[in-house]
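A.B. asks: Given chain C, work out where chains D, X and Y should sit, using these hints.
First to last, the sequence lines map onto chains C, D, X and Y. Mapping to numbering that gives the first Met the number 0: the first sequence position 242 is 241, numbers consecutive. Mapping to numbering that gives the first Met the number 0: the second sequence position 14 is 13, numbers consecutive. Mapping to numbering that gives the first Met the number 0: the third sequence position 253 is 252, numbers consecutive. Mapping to numbering that gives the first Met the number 0: the fourth sequence position 152 is 151, numbers consecutive.
A hint or two may mislead.
Heads up, the list lumps identical chains together, so a pair's fine if it works in one copy or across two of them.
What the hints assert, rightly or not - Each computed SDA-like pair below joins lysine to any residue, with the alpha-carbon atoms no more than 20 Å apart: (1) K37 <-> R163; (2) K37 <-> D79; (3) K298 <-> G212; (4) K158 <-> R269; (5) K37 <-> D8; (6) K37 <-> A22; (7) K158 <-> A180; (8) K158 <-> K298; (9) K158 <-> D182; (10) K298 <-> E9; (11) K37 <-> G218; (12) K298 <-> D8; (13) K158 <-> N179; (14) K282 <-> W82; (15) K158 <-> R131; (16) K298 <-> P224; (17) K37 <-> G175; (18) K282 <-> L17; (19) K282 <-> E101; (20) K298 <-> S223; (21) K298 <-> N268.
Rather than coming from a laboratory, the hints here were simulated on the basis of the structure.
Protein chains: 4
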Amino acid sequence: MPDYQTILDEIRDEVQPLLTRGAVANYIPRLADVPREKFGMAVVTLDGQLFQTGDATEGFSVQSISKVYTLTLALQSIGDRLWQRVGREPSGNAFNSLVQLELENGLPRNPFINAGALVVADVVLATRDDPRARLLDTIRRCSANPILHDDPQVALSEKAHGFRNAALANFIRSFGNLENAIDEVLDFYFYQCSLVMSCVDLARGFLFLANQGRCPWSGDTVLSPDQAKRINALMLTCGTYDAAGDFAYHVGIPGKSGVGGGIVGVIPNRLAVAAWSPGLNAKGNSLAGSEALERFTSKTGLSIF
Amino acid sequence: MPDYQTILDEIRDEVQPLLTRGAVANYIPRLADVPREKFGMAVVTLDGQLFQTGDATEGFSVQSISKVYTLTLALQSIGDRLWQRVGREPSGNAFNSLVQLELENGLPRNPFINAGALVVADVVLATRDDPRARLLDTIRRCSANPILHDDPQVALSEKAHGFRNAALANFIRSFGNLENAIDEVLDFYFYQCSLVMSCVDLARGFLFLANQGRCPWSGDTVLSPDQAKRINALMLTCGTYDAAGDFAYHVGIPGKSGVGGGIVGVIPNRLAVAAWSPGLNAKGNSLAGSEALERFTSKTGLSIF
Amino acid sequence: MPDYQTILDEIRDEVQPLLTRGAVANYIPRLADVPREKFGMAVVTLDGQLFQTGDATEGFSVQSISKVYTLTLALQSIGDRLWQRVGREPSGNAFNSLVQLELENGLPRNPFINAGALVVADVVLATRDDPRARLLDTIRRCSANPILHDDPQVALSEKAHGFRNAALANFIRSFGNLENAIDEVLDFYFYQCSLVMSCVDLARGFLFLANQGRCPWSGDTVLSPDQAKRINALMLTCGTYDAAGDFAYHVGIPGKSGVGGGIVGVIPNRLAVAAWSPGLNAKGNSLAGSEALERFTSKTGLSIF
Amino acid sequence: MPDYQTILDEIRDEVQPLLTRGAVANYIPRLADVPREKFGMAVVTLDGQLFQTGDATEGFSVQSISKVYTLTLALQSIGDRLWQRVGREPSGNAFNSLVQLELENGLPRNPFINAGALVVADVVLATRDDPRARLLDTIRRCSANPILHDDPQVALSEKAHGFRNAALANFIRSFGNLENAIDEVLDFYFYQCSLVMSCVDLARGFLFLANQGRCPWSGDTVLSPDQAKRINALMLTCGTYDAAGDFAYHVGIPGKSGVGGGIVGVIPNRLAVAAWSPGLNAKGNSLAGSEALERFTSKTGLSIF
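Next up, chain C with everything else stripped away, as it sits in the complex (with noise of 0.2 Å):
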């Protein structure tokens, strides 16, 4: 096994000079005012060990890294129909775009575009009859962090700037693609979007698709093997936006990010990584995040590849 301790400190103080480089979202306060500056990066094997370094405890809004979660449970709930309402290929678009969506009949090219996540979320709140505490519940488990909790404000804001989502729950819904009311999917949206974990929490709450679909800590059966495996290839294909070819090609393994600056990566039966750090790219991923991950697979010489 290679020394991720020593790893994860030498990508620390490497990827220094990056930290000021990105951009940080800032469409809403609360994510606007998080310091550009912090670095965090945590590692869990399949047998429970945790390695960490710099900010790796400090708890950030996940954004579409939740988005993992929600397609989590909507395979729980209907399996394979869940791909009547939504496809598996990259978008080749920017993660917001309205326009291959009218030009395919309002069917989301993917659950982790944000019109494929409204489709994912209405599929979770039709399903359950407290899909906020089932959620939630699922995320506590598979952290193995009982108090991890939303940020009502993040969730406020991103309502109150939110034409953008508005407007793809709307398209979709023209075309029938969307079953509950828009406010309630919306609000389910941004709840989950609002969730806050840190680098330790993701690489604990990953862990179950490194592991056939099983959470080592709680015993739970999350998903079958089988599912399991195809997040995986989801996260490869469509994870890190119109970067996933770049990601795959740079990575080398199943990663999902968020525009909190959170990315997380899978390496399948060995283990899961997190990385944190606010300054975005050009693509929407973090900038520093990224180029961690990169260095970690470089280093370790694990890749899926």
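C.D. replies: Positioned in the frame of chain C, the structure of chains D, X and Y alone reads:
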């Protein structure tokens, strides 16, 4: 002067076989219920003579034809500053397309596509105390019909099925090109679409555009001669959705249509002409109405070209 | 009758400050070398009177203006069957765009975008023995200029830099909408673009479109009254690239422009007017030329609307 | 080790009903004439063991599969400088689309869409004396098949029907992203598509990508370990046209397909597997071949995820 009455009666007979070929708009029940064998036509000349045939005095939902009046109010209010918020080019896409709007950063191509009409509605809302009364009063005076009114059931239905327009409004708002609350803009837009006019109302009500902006009976100066001329230009290039080129080619005069089956044309310094038949062609214009206007310009030899 | 001579001289003075603001087309040296302070303008009335100012007799490369003549020849040859191979709608995209062509399966939107002009060229090539001679003869007779000629150097340069047009031609061919050899179509297209005309030639040469399709001096019936009217409609909706709406709005008459800086307008039953200034605006139309035509219709009060 | 022979034979039996469901590529006669009931499959493991079933030694036109080899040559020649001329992102559009190319100014999205392959061909042409010999020699050595050859009739047919590729090449050239003469680029491209390989050839010939870039039998270092890894990443995200997401989801390994019906997959550090069946699905990938690879990864439990 051509024998307009004979010409209108001929046309009414000639278009009979077409009345059953179009598809009546069915996205709301109130429109879907209109019998498709209806046909009316009316001509009003600059000196105030009225000619009519068929169901020319029966009211129908004007829908997009109202966009000419809200554009008129917007030009009255803010003049050429309007063009900082909406373009003047044909769209080259279906009338409710979001694609072009995305590529052009929230600036609608022209005031007659739905996106542009929403921005125009926003301008009208922003500048007067009671925009509905102002709109209704303007149309009543232009049409010399003091009891002209809206159909609240149509507006309610439009709202209940208005996801595409809500998507447009939210999308435009995300680019900062709407100032009023989205629901207010939509409500005003659905109100204007729900106005009920007959062919006679429309022919009278558009005559100011053939008359240098001045309404012959009320004596009102609705617009300056220059503004009237320019609205005519806009109707010619953008007034009949993605069939404007075809309409200019076949009919050869400025015109504006609505999905209620109405279509109205202006021959500058001569007359205004309106036709109504609920069945629509593939481009969303009245099938028999378009044909009726083409026959009218052919038989009279009138054209702007 | 307005005092055309005075008006032209006024306009010439007024546009002087604009002459250096446009960008001369520089994709081929022969065009780039034209001095940008050139300006000419000419008017020919239906009764044959000629008015001119500035560099009105200096020849320049007509470029896209020639598309009106090849459209004329194509309509002479196959009439309305032409519209099975090319549309009549404004494009809503840049004039050489392949995007729309792909979405619409190789049917160009109108005869004045490059794709449409290539199809028109193909039609002209397919129907006569010596299409170049036929084209040249038609233009010479219309312009009453028996020594009007092409500039072979321009055609050669166009060909050497004509990758975008070659892409269009191959693309259209892949949809089966070209019949002749691609190189022949391109050569004919580059030939037509290379024709050299002055403002006086153009004003004379477009007068048949203001005169029901008949050339006043030669007495030739170039087109039927109906065909002439319809070409005017096409020029209004599609004649000035993606600025057709703006041109209709500001100038208010049918017109056609070329990247050589020429621009010509038709006022049905009255006159034809041409202006030339090599500097182009952002839409590819002569900057001072467009302004000159706008001032002309303002000062004379002439407009079709 | 799974019992590969039994698995292959099972798959051969199971896919029989699918063989008649796909559509054989018919844009050139040579491809259209291939009997669609053909099916072959071969696996070669890292230690050189070969397993095969059905028509596994019958040659067919590799078409787009050759793009992996020209990419290999281009990386050998200019390394990462290649990425200044072609991207690494999935296209989200049909494989020969010009739309995205226009929106992105002539920089193809990835080396496996036709536009990208033309740029790669241009790079290969620019850097060596005899690129055809170099390409053929590389493939022969990798496949351990010294008599592997092209099919000149296929190349000729491709050229005769190659208008779409000619459009692409001219279009790319118009952006300055091709250096060699267009005809040379196209001829080389048609040559590479016309190479004839069997499933056994392909499984052997792709093994270097499962083996850190080194060919086991020749001992050649074809690429560095890092480069091999990255080609695998590219195949996963972009190797099967607009079905890459679906292929990753269902098959879960890097793969590359061609319209000749071939499809080859790589399981890093394990094996290469190839299948062939001429009938294609709606996305242009071998219908039975895709299914065969999916069954192979299911039955063996092998996947990169």
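A.B. asks: The structure should be examined with respect to each hint, and the outcome stated for every one.
C.D. replies: Going through the hints against the structure:
1. For the identical chains of this complex, K37 and R163 are neighbours neither inside a copy (28 Å) nor across copies (41 Å), given an alpha-carbon limit of 20 Å.
2. In this homomeric assembly, K37 and D79 never come within 20 Å of each other (Cα to Cα): the closest approach is 39 Å inside a single copy and 31 Å across copies.
3. Taking the shortest Cα distances, K298 and G212 sit within 20 Å of each other only across copies (19 Å), while inside one copy they are farther apart (27 Å).
4. For a Cα distance limit of 20 Å, the shortest separation of K158 from R269 qualifies neither inside one copy, at 38 Å, nor across copies, at 49 Å.
5. For a Cα distance limit of 20 Å, the shortest separation of K37 from D8 inside one copy, 14 Å, qualifies, whereas the shortest one across copies, 56 Å, does not.
6. In this assembly of identical chains, K37 and A22 lie within 20 Å of each other by CA distance solely inside one copy; the values are 13 Å within and 48 Å between copies.
7. Proximity of K158 to A180 under the C-alpha cut-off of 20 Å is found in both arrangements, the shortest distances being 15 Å within a copy and 14 Å between copies.
8. Taking the closest pair of Cα atoms, K158 and K298 never come within 20 Å of each other, the shortest separation being 41 Å inside a single copy and 47 Å across copies.
9. In this assembly of identical chains, the alpha carbons of K158 and D182 lie at most 20 Å apart whether taken from the same copy (10 Å) or from different copies (15 Å).
10. In this assembly of identical chains, the alpha carbons of K298 and E9 lie at most 20 Å apart only when taken from the same copy (10 Å versus 41 Å across copies).
11. With identical chains, the CA atoms of K37 and G218 are never at most 20 Å apart, being 33 Å at best within one copy and 47 Å at best between copies.
12. When the C-alpha separation of K298 and D8 is checked against a cutoff of 20 Å, the pair qualifies only within one copy, where the shortest distance is 12 Å, while the shortest distance between copies is 41 Å.
13. Within a single copy, K158 and N179 get their C-alpha atoms as close as 17 Å, and across copies as close as 17 Å, so both meet the 20 Å cut-off.
14. For a Cα distance limit of 20 Å, the shortest separation of K282 from W82 across copies, 17 Å, qualifies, whereas the shortest one inside one copy, 26 Å, does not.
15. Within a single copy, K158 and R131 get their C-alpha atoms as close as 16 Å, which meets the 20 Å cut-off; across copies the closest is 30 Å, which misses it.
16. Taking the closest pair of Cα atoms, K298 and P224 come within 20 Å of each other only across two copies (14 Å); inside a single copy the shortest separation is 28 Å, beyond that limit.
17. In this homomeric assembly, K37 and G175 never come within 20 Å of each other (Cα to Cα): the closest approach is 43 Å inside a single copy and 32 Å across copies.
18. In the homo-oligomer, the alpha carbons of K282 and L17 lie at most 20 Å apart inside one protomer (16 Å), although the nearest pairing across protomers, at 41 Å, exceeds that limit.
19. Taking CA atoms no more than 20 Å apart as the test, K282 paired with E101 passes between copies only; the shortest distance there is 17 Å, against 22 Å inside one copy.
20. Taking the shortest alpha-carbon separations for K298 and S223, only the inter-copy value of 16 Å comes in at or below 20 Å, while the best intra-copy value is 31 Å.
21. With identical chains, the CA atoms of K298 and N268 are at most 20 Å apart both within one copy (18 Å) and between copies (19 Å).
Checked against the numbered hints given earlier, the structure breaks hints 1, 2, 4, 8, 11, 17 and satisfies all the rest.
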